[in-house]
Amino acid sequence: MKDIDTVGIEEERREPMRRVAHREAFWGYIFLLPTAIGFVIFVLGPMLGAMGISTLKWDLLSPPKFAGTGNFAALVKDARLGLILRNTVLFVIADVLLNMLLGIALALLLRGKIPRVVGYFARLAFFFPVIVSVSSAAAIWIFFLQKDLGILNYYLHLIGLPRIPWLGSSRWALRSVVLFDVWKNVGFYAMVFLAGLHNIPPQLTEAAIVDGANERQLLRHVTLPLLTPSIFFSVVIALINGFQVFAQSQILTRGGPGDASRTVVMYIYEQGFRYFQMGYASSVAVMLFVVMAGLTLLQFRASERWVFYQ
Amino acid sequence: MAYRAGRVLFYFFLFLIMALMVAPFLWMFSVSVGRPSEVFVVPPHWIPSVVQFGSYLRVLRELPFLSWFLNSFKIASLVTVGQLFTCSTAAYAFARLRFPGRNTLFLILLSALMIPLQVTIIPIFIIMRVLNLLDTHLALILPPLVSAFGVFLLRQFFLTIPRELEDAAVMDGAAPPLIFWKIILPLSGGALATLAVLTYNFFWNDYFSPLIFINSPAKMTLPLGVGIMAGRYVEAGGMGADATGIVAAVSMSIVPVLLIFLFAQRYLIESITMTGLKT
Numbered sequence: 001m002k003d004i005d006t007v008g009i010e011e012e013r014r015e016p017m018r019r020v021a022h023r024e025a026f027w028g029y030i031f032l033l034p035t036a037i038g039f040v041i042f043v044l045g046p047m048l049g050a051m052g053i054s055t056l057k058w059d060l061l062s063p064p065k066f067a068g069t070g071n072f073a074a075l076v077k078d079a080r081l082g083l084i085l086r087n088t089v090l091f092v093i094a095d096v097l098l099n100m101l102l103g104i105a106l107a108l109l110l111r112g113k114i115p116r117v118v119g120y121f122a123r124l125a126f127f128f129p130v131i132v133s134v135s136s137a138a139a140i141w142i143f144f145l146q147k148d149l150g151i152l153n154y155y156l157h158l159i160g161l162p163r164i165p166w167l168g169s170s171r172w173a174l175r176s177v178v179l180f181d182v183w184k185n186v187g188f189y190a191m192v193f194l195a196g197l198h199n200i201p202p203q204l205t206e207a208a209i210v211d212g213a214n215e216r217q218l219l220r221h222v223t224l225p226l227l228t229p230s231i232f233f234s235v236v237i238a239l240i241n242g243f244q245v246f247a248q249s250q251i252l253t254r255g256g257p258g259d260a261s262r263t264v265v266m267y268i269y270e271q272g273f274r275y276f277q278m279g280y281a282s283s284v285a286v287m288l289f290v291v292m293a294g295l296t297l298l299q300f301r302a303s304e305r306w307v308f309y310q
Numbered sequence: 311m312a313y314r315a316g317r318v319l320f321y322f323f324l325f326l327i328m329a330l331m332v333a334p335f336l337w338m339f340s341v342s343v344g345r346p347s348e349v350f351v352v353p354p355h356w357i358p359s360v361v362q363f364g365s366y367l368r369v370l371r372e373l374p375f376l377s378w379f380l381n382s383f384k385i386a387s388l389v390t391v392g393q394l395f396t397c398s399t400a401a402y403a404f405a406r407l408r409f410p411g412r413n414t415l416f417l418i419l420l421s422a423l424m425i426p427l428q429v430t431i432i433p434i435f436i437i438m439r440v441l442n443l444l445d446t447h448l449a450l451i452l453p454p455l456v457s458a459f460g461v462f463l464l465r466q467f468f469l470t471i472p473r474e475l476e477d478a479a480v481m482d483g484a485a486p487p488l489i490f491w492k493i494i495l496p497l498s499g500g501a502l503a504t505l506a507v508l509t510y511n512f513f514w515n516d517y518f519s520p521l522i523f524i525n526s527p528a529k530m531t532l533p534l535g536v537g538i539m540a541g542r543y544v545e546a547g548g549m550g551a552d553a554t555g556i557v558a559a560v561s562m563s564i565v566p567v568l569l570i571f572l573f574a575q576r577y578l579i580e581s582i583t584m585t586g587l588k589t
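From first to last, the protein sequence lines are chains A and B.
Just so it is clear: in the first sequence, position 20 is 20 by our numbering, and no numbers are missing.
All you need for our numbering is the position in the second sequence, starting with 1, plus 310.
Chain A with its partners taken away, still in its complex shape (with noise of 0.2 Å):
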């Protein structure tokens, strides 16, 4: 025990101070513990496995073997590979394009003056399909989509229209995906951009009014400028989400015909748990993720070129 005399005033202030810091620490731990036990066992520690099993081949069932980067060398030469890619890069952008486009439209249709009660409704009906599960809503349209009987095709061909093979052709499959996934997300979107637009302050669009600006100005000098942080929040989302897209494709169209609509999420399932090639599956899914951050990474950079935050 240290003798008073030897203990000079200013440590003797700080003991206290240092107890403190000490207690505040270990509850910091301690309240930390339960989300990192979890991080560790579930986020982290598959992260680094997942890195690992795409190094080796394995069937779950037999030992593994190391395969070093011979899984990335396959990944290269996989042609199926090749078309996969290009359907969720197509998927994406024309997903991210149309829910943008689409999202702000409703959103500046919905910004004017509506009665309470319509403006109830439509906020019911924009976001419920938002709400229901993806399986349930693709398997409702499924039997929209069917070329000869579905009600999409019954009202193209009153219109003059000819009846789509929706679901049938190696042209129309991916569409069809597209299609679905923007009529059952665009209602998120709208409300994020009505959000956003509401935070737009009326003495800007006033004084650009009495300067003289119509509606086409308006829109583009005013509106869209201030905009800018929604737009960048949902192209972000939307881009992780679009390249995550499985349970639509996979309901939709099975992938088909043949891999017309196969996505790469689709893949990395059935390569690890319909073939158990866990080993590829790995490095498919390893390979997905080095884009996605990559891309998301590439986005904040440039956000600060083009996002306008108040």
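Read the hints as simulated data drawn from the structure, not as lab findings.
Treat the hints with care, since some could be wrong.
What the hints assert, rightly or not - Stretches of chain B that chain A covers, calculated by requiring three or more beta carbons in the stretch to come under 8 Å of a beta carbon on chain A: (1) 419–426; (2) 433–442; (3) 478–487.
For every residue, glycine included, the Cβ atom is placed at its ideal position computed from N, Cα and C.
Given the coordinates of chain A, work out where chain B should sit on it, guided by the hints.
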């Protein structure tokens, strides 16, 4: 005059889009109570000519529908409660407690937000296999008990709670657990409810994880059961006999969501879109 025309056009488009959004569901309800032969009748009957619940009864009899429903309920509830616990405690630590490495750990946690489930699912599958937990509900409940998103959401909220409240308690000698329980949590009703709503909805609708971990029909969740039914229909070439059965099953799976939506509508929409603005 132009104003009138503008209004008419506006309402026309608004109602058209609203109709497109709900059309599939209206058709679904209508067909589910109709005759099996009328599923593909043309022109489509938006209002059913007969109302009979035979398809519903058939589905309930032939499929473990009630089990699916209870399974979804059980899993979504347990995961939601679990996440509320783990995320609030971790968020409190990050928001208000000081300890070495806090910022680094937080950044690591945030980076986890970018890790897609598909990367970690294979190792998790192997873990579950080793633990003999395949085809059990635990495999679906344990991994999502922690959520980087939930921690992030709650931390941002906790940061907005005025420090004076806690300082007063600290001066009275309160330790962090007491502060957490008596001060922070009671003030966080909104944020906790937001997280709960988002989490519950997500896990109720989850298709991917149940597909991977569950094989026995009785243990399946609602989306999985419905999805498999629909998938079989597609495989049969779209002309299988039990079209009304599928439609009835989907109707039943949607009704709970519809009810909750009607009651909590404003809250649900606001919480989902608010997360966008706050983050």
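So, going through the hints one by one against the coordinates:
1. 419–426: holds (count 5)
2. 433–442: holds (count 6)
3. 478–487: holds (count 3)
Hint compliance for this structure: no hint is broken.
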